[in-house]
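Chemist: Given next are the chains, with one letter for each unit.
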Amino acid sequence: MLIIPCPDCGARDYTEFRYGGDANRSRPAHGGGSREDWHDHVFVFDNPKGPHREYWQHVLGCREWLLVERDTASNTVIAVHRARDREMAR
Amino acid sequence: MLRPMSDSYSALALARHAITRSPWPAAWRKAEPRKGYDVVIVGGGGHGLATAYYLAANHGIRNVAVLERGYVGSGNVGRNTTLVRSNYQTDGNTQFFEFSLKLWEGLSHALNYNVMLSQRGQVVLAHGPGQLDSLARKGNTMLLNGIEAELLDRAQLMRLLPYLDYSPRARFPLYGGLLQRRAGTVRHDAVAWGYARAADRLGVDIIENCDVTGFVTEGGRVTGVRTSRGEISAGRTAISVAGHSSEVARLAGLRLPVESHLLQAFVTEPVKPLVDHVISFGAELFYISQSDRGGLVFGGHIDGFNSYTQRGQFPKVQTVAECAVALMPAISRLRILRHWGGIQDMTPDGSPFIGRTPVDNLYLNAGWCYQGFKATPATGWCFAHTLAQGEEHPLIRCFSLDRFHHGDGLDEYGLGNWTWKQ
Ligand SMILES: Cc1cc2nc3c(=O)[nH]c(=O)nc-3n(C[C@H](O)[C@H](O)[C@H](O)COP(=O)(O)OP(=O)(O)OC[C@H]3O[C@@H](n4cnc5c(N)ncnc54)[C@H](O)[C@@H]3O)c2cc1C
Ligand SMILES: [Zn+2]
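Sequences listed follow chains L and W, in order.
The first sequence lines up with residues 1 to 90 when you count with the numbering used here.
The second sequence lines up with residues 1001 to 1422 when you count with the numbering used here.
In case anyone wonders, no lab produced these hints; they're calculated from the structure.
Cβ atoms here follow ideal geometry from the backbone N, Cα and C, with glycine treated the same way.
Accuracy of the hints is not assured; some may be wrong.
What the hints assert, rightly or not - Covered by chain W, according to a simulated footprint, are these stretches of chain L (three or more residues, beta-carbon under 8 angstroms):
#1 9-19
#2 36-42
#3 57-67
#4 70-82
As the list claims (entries may be wrong) - Derived contacts from chain W toward chain L, CB cut-off under 10 angstroms, selection only:
#5 Ser-1245
#6 Arg-1255
#7 Ser-1291
#8 Gly-1295
#9 Trp-1340
The following block holds chain L by itself, in its conformation from the complex:
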């Protein structure tokens, strides 16, 4: 079972979370970006077999959005951060 260590609530089953997808796909600036950029943002995935940065929201816990790094070949969680800390640090 995939278990995600939430910085607020501790280790919890993944069923307490909502999956938010690949966190590496950055949205083009509002009003900006070519059609190609938007296409890639909406439809294209890196889909690596290995480390993957992704969003999870702890809906049945603290409701915090998390940025999780997980190895897709083993489901090992490599790192977890609050998404807002990371987004602000960008």
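Based on the hints, put chain W with the ligands in the right spot on chain L.
Modeler: For chain W with the ligands alone, coordinates are given in the frame of chain L:
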């Protein structure tokens, strides 16, 4: 060239082998990679093998290799729940999957291999009047395309499938269903073995334990592949690796609208004949049928986040079991004997990509989501046509890799662009 050819399978051959007790020859040769081929197909699943067979059988292109990193049948072709049907309602899908079902109907003869097609009929259930209306619409679309379909009301459903939960306490009340009598199941391993043997008999080299690790390019064109068993040159190269599509396409510098997700399937201990049809639940993604050995075979939804682990998450086992019992309380005490997982290549609209890629000489077949097994013959047929002619077969133009650029997504279930929600 002299090579051991496997006998044709027939009642006569069976009798001859019984009398002479001579061993049956291997169904296909263990081919060694040669220097080069007209067409190299990466991935020896159902699709890769079918493509090789139709290249040889329909187009006379026999200088073909299928490169499989594991063994034939180790991928999704040997892991699926064997359901075949053509009850689609979106233009493009309807015609393609009906073409595929027609090919299934003649496949055992074409391949001289019994693929055990069992047209036991599939019923899709409706749990409310709105859902029954939408099934009626789907049935009408099928009829307009010359595909038989029968709408069943609750009374007809009770006669056909008396063991479902019709009680007033049923969690999801049954209003009716849509029946396609020609739908059913096919023995999945036999499909892989049958196509492998038939392709081999036409001269195709099936090379197992051959991992493709890179592409050889010359001035932007793919001219061959690098493998764990050396470099092999190719006139045209085709990628058909299901769950590993993104990983292999990346070797050619391509990023795809594909994400890999895990789907589980289950089989119970064998019981006497009970479920004569394939039944699809309407309240969740859940479907059930009974194997010839008696086990109930069923599956549900993907696990919900991308993964290459091929190992399922327990909460899905629970959801699927809950669906089974909500639909058929009688099976609540059956034990699940085995469950397993496969990596599905999911796309933003639930539909696949077949055809040319932006890289010259490189062709792609990927993104089959839940529906690649039933598509196997038609994919092989149309992909072979595309590789032979250098231009897409008309039936697969709707599956182009650039369709999202033109707003032409083929979203059969209207779920939006989330791979993990398809
Ligand atoms: C549990 C489950 C149930 C399903 N049920 C159904 C169903 O009822 N009906 C239906 O229509 N579909 C179903 N599907 C989907 C269907 O099985 C797949 O879409 C289909 O089998 C994919 O095509 P394939 O047979 O060619 O794939 P595969 O058999 O997976 O073939 C791909 C092959 O490529 C090989 N490969 C990968 N990378 C490389 C490389 N680098 N070099 C060489 N070879 C490589 C793999 O080893 C593999 O053998 C199901 C899938 C799963 C997982
Ligand atoms: Zn939390």
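Chemist: If a hint holds in the structure, say so; if it doesn't, say that too.
Modeler: Tested hints:
1. Figure legend: the stretch 9-19 of chain L, annotated as covered by chain W; annotation consistent (4 residues with Cβ-Cβ distances under 8 angstroms, at least 3 required).
2. Check result for the stretch 36-42 of chain L against chain W: holds, 3 residues qualifying (beta carbon to beta carbon below 8 angstroms, three or more required).
3. For the stretch 57-67 of chain L, the stated coverage by chain W is violated: 0 residues have a C-beta nearer than 8 angstroms to a C-beta of that chain, whereas at least 3 were required.
4. By the rule of at least three residues with a Cβ nearer than 8 angstroms to a Cβ of chain W, the coverage given for the stretch 70-82 of chain L holds, with 4 such residues.
5. Interface restraint check: Ser-1245 of chain W against chain L, minimum CB-CB distance 8 angstroms, threshold 10 angstroms, status holds.
6. With 10 angstroms as the threshold, the beta carbon of Arg-1255 of chain W comes within range of chain L, its nearest partner Cβ sitting at about 5 angstroms, so the hint holds.
7. About 28 angstroms separates the beta-carbon of Ser-1291 of chain W from the nearest beta-carbon of chain L, more than 10 angstroms, and the hint is not met.
8. Because the beta carbon of Gly-1295 of chain W sits about 26 angstroms from the nearest beta carbon in chain L, more than 10 angstroms, this interface hint is broken.
9. A least Cβ separation of about 16 angstroms between Trp-1340 of chain W and chain L goes past the 10 angstroms threshold, and the interface hint is therefore violated.
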